[in-house]
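Asker: As they're listed, the protein sequences go chains V and E. The numbers in the numbering used here rise by one with no breaks, and the one at position 157 of the first sequence is 157. Convert by adding 1000 to the 1-based position in the second sequence; the result is the number in the numbering used here.
Mixed in with the good hints, there may be bad ones.
[Claimed, not checked] Taking lysine-lysine pairs in the DSSO-like style, the calculated list, with each CA pair at most 27 Å apart, reads:
1. Lys-131(V) - Lys-284(V)
2. Lys-284(V) - Lys-1006(E)
3. Lys-1266(E) - Lys-1331(E)
4. Lys-89(V) - Lys-1006(E)
5. Lys-131(V) - Lys-75(V)
6. Lys-1006(E) - Lys-278(V)
7. Lys-1248(E) - Lys-1220(E)
8. Lys-75(V) - Lys-1006(E)
9. Lys-89(V) - Lys-75(V)
10. Lys-1331(E) - Lys-1418(E)
11. Lys-1077(E) - Lys-1122(E)
[Said to hold, decoys possible] Listing some non-contacts, in silico: residues in chain V with all C-beta distances to chain E over 10 Å:
12. Ser-121
13. Lys-278
14. Leu-379
Just so you know, these hints were derived from the structure itself, not from any lab. Glycine is no exception: its CB is placed at the ideal position from the N, C-alpha and C atoms.
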Amino acid sequence: MIELYSIGKEAACLNSSFILSFFMRGRFTALMLLVHLLAVALLIHVIVRCFVSLRRGRRIQEAVIYLSKEPGDEKIPVLYWENSIGREKTCDILLSEPGVSRDHAVLKRREGGWIIADTNSRAGTFVNEQKIETQTPIRPGDRIRIGEAQLVLTARDEPSQTAPQRKVYRGGRTIFTLLETTAVFFLLTLEACFQNQSFRLSPFLPFLLLSTLVWGVYLYSIVLLKRINFEIETVGLLLTGIGVLLLFGVDPQTAYVQLAAAALGILLFCAILWILEKPDFVSKLRIGFEVLGVALFAATFVFGTVVNGAKNWIFLGSLSIQPSELVKIIFIFAGASTLDRLQTHGNLIEFIAFAAVCTGFLFLMHDFGSAVIFFFTFLLIAFMRSGSVRTVVLAVAAAALGVFLILQFKPYVAQRFAGWGHVWEYPYDSLGYQQTRTLTYIASGGLFGSGLGNGYLKNIFAGDSDLVFGVLCEELGLVFALAVCSVFDLLALYTLSDVTRSRSTIYSISSCAAAGLLLFQAMVNIFGVTDLLPLTGVTLPFISAGGSSMVCVWGLIAFIKASDERTYGARRRRDL
Amino acid sequence: MRTVGKRSFFLYVLIFAFCAGMIFLSCRVFLNAGEWASMPFNAHLYDENDRLRRGSVYDRNGTLLYSDADGYAAASKEALLHLLGDREGNLSTGVFSLYAAELSGYNPLTGNAREGNLFHTKTELTVSAEASARAYELLGGRSGAVFVYNYETGEVLCSVSTPSFDPDHVPETIETDEAYRGAYLDKTISESFTPGSIFKIVTAACAIENLPDWESWRCKCSGTLPIGDDCVTCLGAHGEIGIRDGLKYSCNVVFAELARELGKEKLRKTAEALGFGRSFVFETAHTARSVFDVSNAKEIDLGWAGVGQYSDRTTPYHMALLMGVIAGGGKSAQPYFVRKIALSPGVALYTGAEEDAPLNLSPQTAGALRGMLRENVSDYYGDALFPDLQAGAKTGTAEVGEGKEDTAWIIGFLQNPKTPYAFAVVIEEGGSGYRAAGSVASEVLAVLCAE
Ligand SMILES: [Zn+2]
């Protein structure tokens, strides 16, 4: 009761004239604050625009083509790019006639037209009374027999009556969004120029390089490839740029490395988009990816160097690489699959073995943060592929047992996380040193931060990597940091909303896995340094210093980009 | 395709977890930011010379007490050391420690990182530098405390604790020298003393509330009150005597007898209602607990507990508060000493506010006690002690044993409408309460009332 008395007094008294008088004090501070507020507003606007544009760009889910049942005139709408046909209630095209297997066949659309593939049905699938062995192209008018069901592929003859002729959404005015993005960078650069109340011009160098990169990617994608969607790239460039400018205040060298890594990452982004264009081909590369992943880990294990307790670095001359970051991409490639492959090679054992090897290596290297991220991504992919709750439960149980055994035999591992949940009891030793500094500087930054370059958290160990969320809050404020973090959530949300509209389950699975991985990694990082989760030392995607991480993140968003139906659409129309 | 789509709900869980986590984190930051931002390792708290940024601090009359540029004001640096705080942060109950975040300019909107190096704060305290310096001088190197506050507004006018030291030249022997024992404690709130006779007010309050015929209650004082093999002794043989005169002449027999008659339970209840057994929040610091514990007391112990000996303990802050509540007819404002912390004129980061003190005393009992304490001064101590101020007071001379001199107390209040002040003065090994503590109180109040 007596404590209640104190609360009223403790609450800082903010009278109504606060904001007004705030601007009257020191013109310089007020001006810098205005610059910052403008940057925040533009940032939020760019993010909103990108995601609104992504949502508007989605296809209306209506029939692409029909299957007419004979006899009678029942027309079964075909809604997706890949459709399962069978007796099972979960099938996209449900047939209850005798002789239909549970998962009988898959009807899918590819560049060349429609293809039907039998998925190990008992009675077989017949096209024009010919039993098919492999994937068989079909055209409108072809007769398909599945069990006792007779179907005819029927084109949508007249424009849909429910929806008027629809134009493909051209992705908003991409160029304006990109101009705004450049403006955000410009304002942040301006902030950085006035570090500690002195003026310097040097931040304009990374600004110019960034702008070149941004507009270069734009020219390549929109002008050269004639793609119509640019939202994912915009968001990625936006976050990359914020990271680079933030790191410039820590150490210009790091910022330039980061910028180079981003350029490399964009190359990987393009390469992955190119590979993913042929989903059936990607499915065949699976074994190759798995071998490459294991080989990379094995190489790290043998030739790797221990940095900060985790042996996950390979040094090639002055170049240091974190192979586990690259394996993340490989991991998703290995996990994703087309629908017909899912139904004919539904067995998870190979993927489980690959995941177990990856996670095992990471544990042996003492990179627990990455191990947890791999494990989570495994769960996501395994569940999307099999829908088996049992697999997930078994995997979690196995992981729990593994963790238990590790804690039994290596108790010092648990000791690393002993401060979790009560870091304020250990502000001066390793259990809480970084977390308490992070929280203190987040608090000091308030809603609008100290201004780019004026922070102190960057001087704490791992300030530019693990603690970078704290640096972001301290220098740019909580509002800015929350806006940046919302991107991870929005990417996942968009991926989900687009999951059945993609051109193949290979895109659905890989984009969900990539978005989930990014979001999960952001969570482990942000909640780790703020003591909601144990601090494991993973990077914050796009923002943390780290070349390998930056390259990997760009690779990951390529999967999300690939799941957007429009990504490969524009080029096809050009060919016609 | 549809099935794969449905199985992606997994991701919704993650999206929700991320949102929930971010909201939780933001709430946690919002609720704790002030405390976190004031951690001593926060580099934003320091100026370019690595000194804590505290802006400037003024007293109630606009006298500068401290500024980042000039340090402590020479005239009051020892007297107000405990209210301000030392440079090293050893004094945790001063304004420097309690409001470290606000003094650095911290506010929930812009934190304290942005304009940190450009602006400093201006803090106004409610105390009087002159009266505090006088109180420090009057304590004259003895260990003790003086606490005066306005029971109508809660403003603390004087709060001095000794021994003190010069914060600019911390004595090297501060840890070892007996003369500096307790220098790092603010004795007005952080140390509890044996109350002695001033506790009789609590016993009297219990009697007034529990004995319908307390006005006519009588007992016989022959200088001692035998209880079992032992006895409670009185300073004189007061003959047949009631409660009113017993308080005036501080007759131990009256209050020992009353304590036995009222019993442990009733005394405990009254003591608790008047704040014994708990800690008060002064600004944001917690005071030492006052003690009245007779749970294991024998009858003779209960007798001594009734006259403020046995295990009884109290703080000057608490006793002044009790006086304020009696003078205020059962109600007093809760004391505070930080009037305002402002970033620049008009931008208040913190404003002290009036609140009621958490003591429960009925207006009738308060009225009766007020009358009796007023009579103490007018009929017994003499109004010369507090001329024209309509003071009520009670002195105490508490035995502490261990071969030490008695602890001298005086607690009281002024009923003068212009100066509604309540006060408590304690001097360790000061001897007679009336002579030692009374003279200090008299002079400090004279300075305050002249302001
Ligand atoms: Zn007597």
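Asker: Are the hints correct? Go through all of them and say.
Answerer: A quick look at each hint next to the structure:
Under the criterion of a C-alpha separation no larger than 27 Å, the hint pairing Lys-131(V) with Lys-284(V) is consistent with the structure, at around 24 Å. Between Lys-284(V) and Lys-1006(E) the alpha-carbon distance is near 26 Å, which keeps this suggested pair within the 27 Å criterion. Between Lys-1266(E) and Lys-1331(E), the direct Cα distance comes to roughly 22 Å. Compliance with the 27 Å bound is thereby established for this hinted pair. Among the hinted pairs, Lys-89(V) with Lys-1006(E) is consistent with the structure: their alpha-carbon atoms are about 13 Å apart, no more than 27 Å.
This hinted pair checks out: Lys-131(V) and Lys-75(V) have alpha carbons roughly 23 Å apart, not beyond 27 Å. As the CA atoms of Lys-1006(E) and Lys-278(V) are separated by approximately 24 Å, the hinted pair is consistent with the 27 Å bound. Restraint check for Lys-1248(E) and Lys-1220(E): the C-alpha separation of about 16 Å stays at or below 27 Å, so the hint holds. A C-alpha spacing of about 24 Å is found between Lys-75(V) and Lys-1006(E), which places the hinted pair at or below 27 Å, so the restraint holds.
With a CA separation close to 18 Å, the supplied pair Lys-89(V) and Lys-75(V) stays within the 27 Å bound. With a C-alpha separation of about 18 Å, the suggested pairing of Lys-1331(E) with Lys-1418(E) holds against the 27 Å cut-off. Proximity of Lys-1077(E) to Lys-1122(E) is assessed by CA-CA distance (about 18 Å); at most 27 Å being required, the pair is judged to hold. The Cβ of Ser-121(V) sits about 17 Å from the closest Cβ of chain E, beyond the 10 Å cut-off, so the non-interface label holds.
For Lys-278(V), the non-interface assignment is confirmed: its Cβ lies about 18 Å from the closest Cβ of chain E, beyond the 10 Å cut-off. Under the 10 Å C-beta cut-off, the non-interface status given to Leu-379(V) relative to chain E is violated; the minimum distance is some 8 Å.
Hint 14 from the earlier list is the only one contradicted by this structure; the remaining hints agree with it.
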